[in-house]
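Which chain is which? The protein sequence lines are A and B, in order.
If you read the first sequence in the UniProt record's numbering, its first letter stands for residue 1, the second for the next number, and so on.
If you read the second sequence in the UniProt record's numbering, its first letter stands for residue 1, the second for the next number, and so on.
To be clear, the hints were calculated from the coordinates, so they are not data collected in a lab.
Just to be clear, a hint being listed does not mean it is correct.
[To be verified] Calculated lysine to any residue pairs in the SDA-like style (CA-CA distance at most 25 Å, straight line): (1) A:K76 - B:A230; (2) A:K76 - B:E246; (3) A:K208 - A:M252; (4) A:K53 - B:D255; (5) A:K76 - B:L202; (6) A:K53 - B:D257; (7) A:K75 - B:G237; (8) A:K71 - B:D255; (9) A:K71 - B:A230; (10) A:K71 - B:R261; (11) A:K75 - B:S236; (12) A:K76 - B:G237; (13) A:K76 - B:L259; (14) A:K157 - B:R301; (15) A:K75 - B:R301; (16) A:K11 - B:A247; (17) A:K75 - B:D255; (18) A:K71 - B:Q258; (19) A:K53 - B:F231; (20) A:K75 - B:G245; (21) A:K11 - B:A230; (22) A:K71 - B:F231; (23) A:K53 - A:N36; (24) A:K75 - B:E246; (25) A:K66 - B:A247; (26) A:K66 - B:Q258.
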Amino acid sequence: MLNLSLVSVNKGSKCLLHNIDLSISPGELSIILGPNGAGKSTLLNCMIGAELKYQGQIQFENIELKQWPIKDLSKKRAVLSQLAGITFPFTALEVVQMGIQEDAIVKDSRILCLDALDKMGVASLAHIAYPLLSGGERQRVQIARAFVQLASSEQGKPQYLFLDEPTSALDLHHQLQLMQQLQTLAKKGLAIVCVLHDLQLAAQYADKIILLKEGNLMGVGKASELLTEANIESLYRVPNHIVAHPSSGRPMVLLK
Amino acid sequence: MINKSNEMSEHDRVIPVMHIPLVKMLSNTSLSIWIGGGVVLFLVMFFSLSMGAYRLDWSSVLSTGWHGRDGMILLDIRLPRVLLSASVGAALAVSGAALQGLFRNPLADPGLIGISSGAVLSVALVIVIFPAWTAWSGLYGLSLAAFIGGALTCVLIFKIGRLKGGHNVMQLILAGVAINALAGAAVGFLTYLSTDEQLRTLTFWSMGSFGGAMWPAVWMTTGVTLISVAFLIHQSGHLNRLLLGEAEARYLGTDTDQLKRRIILLTALSVGCAVAVSGIIGFVGLVIPHLIRLMWKADHRVLIPSSAILGAILMILADTFARTVVSPAELPVGIVTSLLGGPFFLWLLFRPNSSGAS
Numbered sequence: 001m002l003n004l005s006l007v008s009v010n011k012g013s014k015c016l017l018h019n020i021d022l023s024i025s026p027g028e029l030s031i032i033l034g035p036n037g038a039g040k041s042t043l044l045n046c047m048i049g050a051e052l053k054y055q056g057q058i059q060f061e062n063i064e065l066k067q068w069p070i071k072d073l074s075k076k077r078a079v080l081s082q083l084a085g086i087t088f089p090f091t092a093l094e095v096v097q098m099g100i101q102e103d104a105i106v107k108d109s110r111i112l113c114l115d116a117l118d119k120m121g122v123a124s125l126a127h128i129a130y131p132l133l134s135g136g137e138r139q140r141v142q143i144a145r146a147f148v149q150l151a152s153s154e155q156g157k158p159q160y161l162f163l164d165e166p167t168s169a170l171d172l173h174h175q176l177q178l179m180q181q182l183q184t185l186a187k188k189g190l191a192i193v194c195v196l197h198d199l200q201l202a203a204q205y206a207d208k209i210i211l212l213k214e215g216n217l218m219g220v221g222k223a224s225e226l227l228t229e230a231n232i233e234s235l236y237r238v239p240n241h242i243v244a245h246p247s248s249g250r251p252m253v254l255l256k
Numbered sequence: 001m002i003n004k005s006n007e008m009s010e011h012d013r014v015i016p017v018m019h020i021p022l023v024k025m026l027s028n029t030s031l032s033i034w035i036g037g038g039v040v041l042f043l044v045m046f047f048s049l050s051m052g053a054y055r056l057d058w059s060s061v062l063s064t065g066w067h068g069r070d071g072m073i074l075l076d077i078r079l080p081r082v083l084l085s086a087s088v089g090a091a092l093a094v095s096g097a098a099l100q101g102l103f104r105n106p107l108a109d110p111g112l113i114g115i116s117s118g119a120v121l122s123v124a125l126v127i128v129i130f131p132a133w134t135a136w137s138g139l140y141g142l143s144l145a146a147f148i149g150g151a152l153t154c155v156l157i158f159k160i161g162r163l164k165g166g167h168n169v170m171q172l173i174l175a176g177v178a179i180n181a182l183a184g185a186a187v188g189f190l191t192y193l194s195t196d197e198q199l200r201t202l203t204f205w206s207m208g209s210f211g212g213a214m215w216p217a218v219w220m221t222t223g224v225t226l227i228s229v230a231f232l233i234h235q236s237g238h239l240n241r242l243l244l245g246e247a248e249a250r251y252l253g254t255d256t257d258q259l260k261r262r263i264i265l266l267t268a269l270s271v272g273c274a275v276a277v278s279g280i281i282g283f284v285g286l287v288i289p290h291l292i293r294l295m296w297k298a299d300h301r302v303l304i305p306s307s308a309i310l311g312a313i314l315m316i317l318a319d320t321f322a323r324t325v326v327s328p329a330e331l332p333v334g335i336v337t338s339l340l341g342g343p344f345f346l347w348l349l350f351r352p353n354s355s356g357a358s
């Protein structure tokens, strides 16, 4: 379990997060939603220990997050932040291999990496220099790296995966593919927290929606409870209309 | 950049050398780097030992041993010089590779964070202001001064880097720029104060040479180089991760602050040592790692050991050239490396497909 209790973050006189109470459990795909500047990234940074100047308590597996040694933490959770380039001509496979734990339990790490690339549909790019890949290809290689990080240290279960806008550079097909993979992983017991901008994707795949507005927690719960016309209007100031998805029954946001 | 890469065919995007079966085979094992590189290094050493103003007769060495004329030239003059140039070449190349990885910048080099200029300033101070130091400390006075200067600069860079907490890479580079500028100004001022004779010593020293190679210097430099190469090979997986960004490397379980501290310390130590025994030899730290990345692999698990070996080989060749081309006089080896490195550096900047800084 990852527990946040009364977490606030202030930068100067600006309050980025205000008294957030939240818990993340294994087996759930949680999606953080909110308009620009609502505190989505700050919240994610708190959860992964990148934001250290907070008030309140963040407990990861019953121990204060700050007290976790870096190495132990890397076996429990993978993080995919927004992408940075790699200066040198590493191949895609070499980038994925960076995710292998030093004391990995797997026998053939190369096969594990190729497998992860294959799952993301980029196995054919394994020996191509990473700087030459397109934005979407890079994103998929990085996601494969995060998968490999978790897969090479199974003993750390339950495990967590944190992603900051993982679909931003992906086309429609790969967006759906990724969300389905995340859903499957969550069903297998992984805790996944994901910042997204796309309301439709969030509504279709989330087990839990975390709705943020101006640093405050507006609500935590199922998509059908939270994605209402009034909430969307209040968050994004857009007139909208909610209909049920013909097959899944989950909410879909239509713009008026 | 993205548009351009989309237009390229799949074939163009494969790193070209990966097609060569030999290269592909070699890249699978680091053992072959040591064996293949070791054999070439040995041959180059043998070649360099045979070359020189005096025509060495190997059969006379074999028959009279170390005490004959040829044996003594080999043992007291050529062998320490070849070994010293090999370890300085390896130390500079590996330091360059590690710093480029650390700063995620292909233009980083031991000179960049100001270690070399700190060493130079210290030597200039000794030559111009405290000539009594050399009388007191004997033969190794200037070397010792260079080492102290390099180490002090290293401490200073650390203090500056820590002023705002953590070790921000950008801050380290900027601190290096500032230290380079200050040391340059101070050396300029000392040059202005110096007598003709002091000026001559200073100039020759700053051009780099292995002319004074002696066994104690060989032991010290080789020792430091071996430690530094072994450590960097051990940490090469972490160096790879650092390229994803410091935060990402931490998420992967790498203690980035500790890694940075150790890399800076070891490069300062080996560059300090190198400058101490041979003066300023430019471009080796920059060019060698690039050559390997272009021809072969960027992966530090391959880059670090092959930089060490190629650095040693090229430095021996450069020094052999420097001491034979105008024989019996000799060129400062720093001139030879800069002469080769300068054009290479320009080509690197302006080659087609280069995307500016990267």
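A quick look at each hint next to the structure:
no.: 1; hint: A:K76 - B:A230; in the structure: violated, 30 Å
no.: 2; hint: A:K76 - B:E246; in the structure: holds, 19 Å
no.: 3; hint: A:K208 - A:M252; in the structure: holds, 16 Å
no.: 4; hint: A:K53 - B:D255; in the structure: holds, 20 Å
no.: 5; hint: A:K76 - B:L202; in the structure: violated, 57 Å
no.: 6; hint: A:K53 - B:D257; in the structure: holds, 19 Å
no.: 7; hint: A:K75 - B:G237; in the structure: holds, 16 Å
no.: 8; hint: A:K71 - B:D255; in the structure: holds, 8 Å
no.: 9; hint: A:K71 - B:A230; in the structure: holds, 22 Å
no.: 10; hint: A:K71 - B:R261; in the structure: holds, 18 Å
no.: 11; hint: A:K75 - B:S236; in the structure: holds, 20 Å
no.: 12; hint: A:K76 - B:G237; in the structure: holds, 20 Å
no.: 13; hint: A:K76 - B:L259; in the structure: holds, 22 Å
no.: 14; hint: A:K157 - B:R301; in the structure: violated, 30 Å
no.: 15; hint: A:K75 - B:R301; in the structure: holds, 22 Å
no.: 16; hint: A:K11 - B:A247; in the structure: holds, 20 Å
no.: 17; hint: A:K75 - B:D255; in the structure: holds, 14 Å
no.: 18; hint: A:K71 - B:Q258; in the structure: holds, 13 Å
no.: 19; hint: A:K53 - B:F231; in the structure: violated, 34 Å
no.: 20; hint: A:K75 - B:G245; in the structure: holds, 19 Å
no.: 21; hint: A:K11 - B:A230; in the structure: violated, 44 Å
no.: 22; hint: A:K71 - B:F231; in the structure: holds, 19 Å
no.: 23; hint: A:K53 - A:N36; in the structure: holds, 21 Å
no.: 24; hint: A:K75 - B:E246; in the structure: holds, 17 Å
no.: 25; hint: A:K66 - B:A247; in the structure: holds, 15 Å
no.: 26; hint: A:K66 - B:Q258; in the structure: holds, 17 Å
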